[in-house]
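Chains as they are written, first to last, in our numbering: chain U, 1 to 276; chain P, 1 to 276.
What the hints contain is simulated information worked out from the structure, not anything from laboratory work. Please note that a few of the clues may not be correct.
The list makes no distinction among identical chains, and a pair is therefore deemed to hold if it is satisfied within one copy or across any two copies.
Here are the simulated DSSO-like pairs of lysine-lysine, each with C-alpha atoms no more than 27 angstroms apart in a straight line [as the list claims (entries may be wrong)]:
#1 102 <-> 136
#2 24 <-> 102
#3 83 <-> 97
#4 229 <-> 119
#5 182 <-> 258
#6 50 <-> 260
#7 230 <-> 24
#8 50 <-> 102
#9 24 <-> 258
#10 144 <-> 200
#11 50 <-> 182
Number of protein chains: 2
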Amino acid sequence: MSGGGVAVAFQGELGAYSHIAALKFFGPINALTQKTIADVFEVVEASEAKYGVVPFENSLEGSVNETYDMLLETSLHVAGEVKLRIVHCLIANAGTKISDIKRVYSHPQALAQCRTYIKAMGWETVPYYDTAGSVKMLKESNVKDAAAIASELAAEIYGLNVLRRGIEDFAVNYTRFLVIGKEQATRTGKDKTSIIFTTKHIPGALYMALEDFARREINLTMLVSRPTKKTPWEYNFYVDFEGHISDDLVRDCLMALKDKTVFLKVLGSYPASVDV
Amino acid sequence: MSGGGVAVAFQGELGAYSHIAALKFFGPINALTQKTIADVFEVVEASEAKYGVVPFENSLEGSVNETYDMLLETSLHVAGEVKLRIVHCLIANAGTKISDIKRVYSHPQALAQCRTYIKAMGWETVPYYDTAGSVKMLKESNVKDAAAIASELAAEIYGLNVLRRGIEDFAVNYTRFLVIGKEQATRTGKDKTSIIFTTKHIPGALYMALEDFARREINLTMLVSRPTKKTPWEYNFYVDFEGHISDDLVRDCLMALKDKTVFLKVLGSYPASVDV
Numbered sequence: 001m002s003g004g005g006v007a008v009a010f011q012g013e014l015g016a017y018s019h020i021a022a023l024k025f026f027g028p029i030n031a032l033t034q035k036t037i038a039d040v041f042e043v044v045e046a047s048e049a050k051y052g053v054v055p056f057e058n059s060l061e062g063s064v065n066e067t068y069d070m071l072l073e074t075s076l077h078v079a080g081e082v083k084l085r086i087v088h089c090l091i092a093n094a095g096t097k098i099s100d101i102k103r104v105y106s107h108p109q110a111l112a113q114c115r116t117y118i119k120a121m122g123w124e125t126v127p128y129y130d131t132a133g134s135v136k137m138l139k140e141s142n143v144k145d146a147a148a149i150a151s152e153l154a155a156e157i158y159g160l161n162v163l164r165r166g167i168e169d170f171a172v173n174y175t176r177f178l179v180i181g182k183e184q185a186t187r188t189g190k191d192k193t194s195i196i197f198t199t200k201h202i203p204g205a206l207y208m209a210l211e212d213f214a215r216r217e218i219n220l221t222m223l224v225s226r227p228t229k230k231t232p233w234e235y236n237f238y239v240d241f242e243g244h245i246s247d248d249l250v251r252d253c254l255m256a257l258k259d260k261t262v263f264l265k266v267l268g269s270y271p272a273s274v275d276v
Numbered sequence: 001m002s003g004g005g006v007a008v009a010f011q012g013e014l015g016a017y018s019h020i021a022a023l024k025f026f027g028p029i030n031a032l033t034q035k036t037i038a039d040v041f042e043v044v045e046a047s048e049a050k051y052g053v054v055p056f057e058n059s060l061e062g063s064v065n066e067t068y069d070m071l072l073e074t075s076l077h078v079a080g081e082v083k084l085r086i087v088h089c090l091i092a093n094a095g096t097k098i099s100d101i102k103r104v105y106s107h108p109q110a111l112a113q114c115r116t117y118i119k120a121m122g123w124e125t126v127p128y129y130d131t132a133g134s135v136k137m138l139k140e141s142n143v144k145d146a147a148a149i150a151s152e153l154a155a156e157i158y159g160l161n162v163l164r165r166g167i168e169d170f171a172v173n174y175t176r177f178l179v180i181g182k183e184q185a186t187r188t189g190k191d192k193t194s195i196i197f198t199t200k201h202i203p204g205a206l207y208m209a210l211e212d213f214a215r216r217e218i219n220l221t222m223l224v225s226r227p228t229k230k231t232p233w234e235y236n237f238y239v240d241f242e243g244h245i246s247d248d249l250v251r252d253c254l255m256a257l258k259d260k261t262v263f264l265k266v267l268g269s270y271p272a273s274v275d276v
């Protein structure tokens with residue numbers, strides 16, 4: 001636990017990108033660090049945290065599978081979204097120069113996002129459970145021939161040096177986080193809604209489901225498919241669209257959609273982020 | 001290199017699930033083990049291997065991002081598909097009992113698929129670059145207090161013991177692999193076609209694209225979205241459907257689709273697998 005403000009849980013150590021996303025959304029928070037994304041859902045369900053902040057999709061790596069699976073199971077609502085530009089830093093203990101580095105520690109997704117740079121430098125990669133956690137580990141072990149990849153905030157928190165900033169292969173590296181909680185967000189007039197549905201197993205089923213949105217000119221902002229886990233090659237569709245569940249048009253659309261699907265779950269409506 | 005037959009590249013060591021998929025599709029092969037999925041594409045493009053076998057989607061974990069990204073970049077064709085039931089085995093050196101185990105090594109996806117079992121046993125997980133590679137490493141280091149998660153074939157190849165078979169959390173655990181090569185597969189009458197497209201950035205764009213398939217009663221067997229990496233929150237759609245590119249109906253559909261998309265790439269037509 002750390003800091004004042006509302007209790008917000010996220011996966012990773014202090015300085016994790018989810019921590020930065022939580023600060024961006026809430027301002028000062030009481031930060032509750034968790035080991036896994038599943039743990040974030042659990043502590044919010046148990047009311048130990050009022051909100052959770054979880055990564056949902058990254059503009060390079062795509063969807064975060066664990067979050068998708070937990071959204072399907074949970075009774076929590078999606079109460080907000082945060083978009084964050086990810087800037088990966090090369091971080092090392094005092095005294096370590098770039099030429100001393102032999103190994104780089106970080107979360108597998110961060111290592112993947114810096115693939116080209118790491119390959120060019122000829123370093124060995126060591127997957128770690130968390131970006132900021134790898135900085136913490138470097139500090140505690142005081143290793144001098146290795147570096148971590150994490151946020152600038154992680155370097156600040158643990159007092160290590162940033163040797164290089166922005167080492168990701170693609171600059172267009174954004175992560176969209178969801179804010180989850182027990183309460184619904186109120187309508188602002190510029191909202192988004194997230195749903196999950198499973199189509200009937202007939203040809204053209206997805207097309208017919210999307211017809212309900214197209215006819216009403218409801219703009220889909222995301223469509224992602226995930227296996228149902230029950231039957232091989234059968235998919236759940238995760239869809240985000242513009243509008244609030246209390247809008248007549250949206251309510252009407254979801255009523256029509258219900259008849260065409262074997263499963264429909266509304267995750268929540270929330271204010272659309274003003275960021276890119 | 002190992003064995004006779006056609007030269008087939010795959011990611012991982014001998015005994016990897018991709019190796020088993022290659023054997024299932026081709027029978028005896030000259031096995032060319034590769035470090036990464038990108039390497040598989042490269043050796044086939046360089047004609048060092050005639051074919052490559054790469055994982056495409058898993059019924060629990062979803063799409064294999066690296067394969068999707070490489071399919072977008074490559075000039076190779078999809079020439080076949082293999083569906084494989086994944087059975088994870090707990091594998092250890094001779095003399096190691098289940099009660100001796102403290103750590104489990106495997107590919108992160110295999111560790112994820114055995115999450116519940118590993119948690120119940122209270123073992124530490126250590127992510128490794130490959131399932132079969134973790135078996136090879138156990139053999140070479142002769143560690144007695146750790147196990148690997150991999151295929152039965154991997155245990156056989158490296159001469160280790162299978163302590164338990166089928167430790168995955170969900171029995172419905174299938175992986176679909178694609179066979180990639182320079183040549184197109186010939187029409188069999190029971191074929192599938194894989195394509196990638198990007199819709200125009202207008203409301204209802206995906207719906208209008210799917211209309212071309214629905215109108216012709218062409219059955220979609222998969223639809224997956226992946227970020228374009230160029231513009232945040234813009235998606236490429238990977239679609240598989242029944243039919244061959246030389247069918248009039250399919251050719252007609254793709255002509256119509258071309259007008260509605262900003263990008264369209266046909267990966268290939270190939271015989272549909274007869275397995276589930």
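Q.
Flag every earlier hint the structure violates by its number, smallest first.
A. 2, 3, 6, 8, 9 and 10
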